Amino acid sequence: MSDFAYSVHDAAVRRLSAAEALGERADLVWIHLTSADETARRWLDEEAKLPPILVEALTAVETRPRCDAVNDGAVINLRGLSSETMAASDPLASIRLYAHEGRVFSVTRKSLNVLDPVCGQVAAGGIHDPGDLIAALALAITEELDPVVADLGDSLDACEEQLAPGRSIELRRHVAEVRSRAIGYRRFLVPQRAALEKLAGLPGDWLRDDDRLHLAAASDRAARMAEEVESIRERAALIHETLTDLRAEQIDQRALAIAVVAMVFLPLTFLTGLLGMNVEGIPFAERPWAFAGVVGVCALLAVVIAGFFGRRHWLRR
1 MSDFAYSVHD
11 AAVRRLSAAE
21 ALGERADLVW
31 IHLTSADETA
41 RRWLDEEAKL
51 PPILVEALTA
61 VETRPRCDAV
71 NDGAVINLRG
81 LSSETMAASD
91 PLASIRLYAH
101 EGRVFSVTRK
111 SLNVLDPVCG
121 QVAAGGIHDP
131 GDLIAALALA
141 ITEELDPVVA
151 DLGDSLDACE
161 EQLAPGRSIE
171 LRRHVAEVRS
181 RAIGYRRFLV
191 PQRAALEKLA
201 GLPGDWLRDD
211 DRLHLAAASD
221 RAARMAEEVE
231 SIRERAALIH
241 ETLTDLRAEQ
251 IDQRALAIAV
261 VAMVFLPLTF
271 LTGLLGMNVE
281 GIPFAERPWA
291 FAGVVGVCAL
301 LAVVIAGFFG
311 RRHWLRR
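The numbering of the sequence shown is the working numbering, which starts it at 1 and goes up by one.
Just so you know, these hints were derived from the structure itself, not from any lab. There's no promise every hint is true.
Pairwise CB distance ranges, derived in the manner of DEER restraints [to be verified]:
{"hint": "1", "residue 1": "64", "residue 2": "38", "range": "15 to 25 angstroms"}
{"hint": "2", "residue 1": "17", "residue 2": "38", "range": "47 to 57 angstroms"}
{"hint": "3", "residue 1": "64", "residue 2": "177", "range": "20 to 30 angstroms"}
{"hint": "4", "residue 1": "254", "residue 2": "148", "range": "37 to 47 angstroms"}
{"hint": "5", "residue 1": "162", "residue 2": "117", "range": "33 to 43 angstroms"}
{"hint": "6", "residue 1": "17", "residue 2": "244", "range": "50 to 60 angstroms"}
{"hint": "7", "residue 1": "237", "residue 2": "273", "range": "50 to 60 angstroms"}
Source: prediction; values computed, not measured. For each residue, glycine too, the CB sits at the ideal point set by N, CA and C.
Let's have the full structure, built from the sequences with the hints guiding it.
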């Protein structure tokens, strides 16, 4: 989504350019920029005349969720889902906001899925002030993330039902992917919960009581999701250990089968090798039943050895 701005005053909503919005005086002026290059930094510095510390906070490359009181407003960083391809270690796109009475600046580097729905709420007249906007963004982000985290848990449930030695490689790959995603989400959900809690408790008239309640609800949901992804991470580790044990057991069973076959044929190999030497004195070499006799002795030895292994329970899996 490209740069845009909204002005809300007495239930009248207008969509403006960022430059036009700078001179607006309204209940809510929301200016959104994208910072894929230095254009946003220069505009915030030279046109919006924001202090350097705010410009840096809004355009930083690497951010984690946080909330800091600045003058009579607050700087808030939040993380949400994006339609763009994200790295496994950084699965959530960031939105950085500076909000105070009557005005909100927001900046994103990658597209954020919740921007379109929130813009729809603004255009429909459902958002009237900065507190409403921040609360709407926080709620939309947590509502979108909730089913994604639930799907990760359901995916692990399916893996647990399919645990079997023959599928260990396939399941191991899937469990590792789920665990990696859970770790990536947990990295941002825990500080996001803390940021929303801090924001809900900040002093200032630009946050109304209903805004604080909505922020508290978003914080509670973020806390629940953080606990869920931590549980998913631990469950994934346990499933991975189980798959490793199943794989080791499968290898042990195969090694035992090979050892049993080798032990059965070892005396037979010795006997046939001994009788196959081209020297004088081999017993019954001239007898017509000698070959059948040797085969019978070999079969008897195999049965005796297999019976011995069976009595020792070495053939059981």
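**OP:** Could you tell me which of the hints above the structure violates, numbers in ascending order?
**Re:** 2
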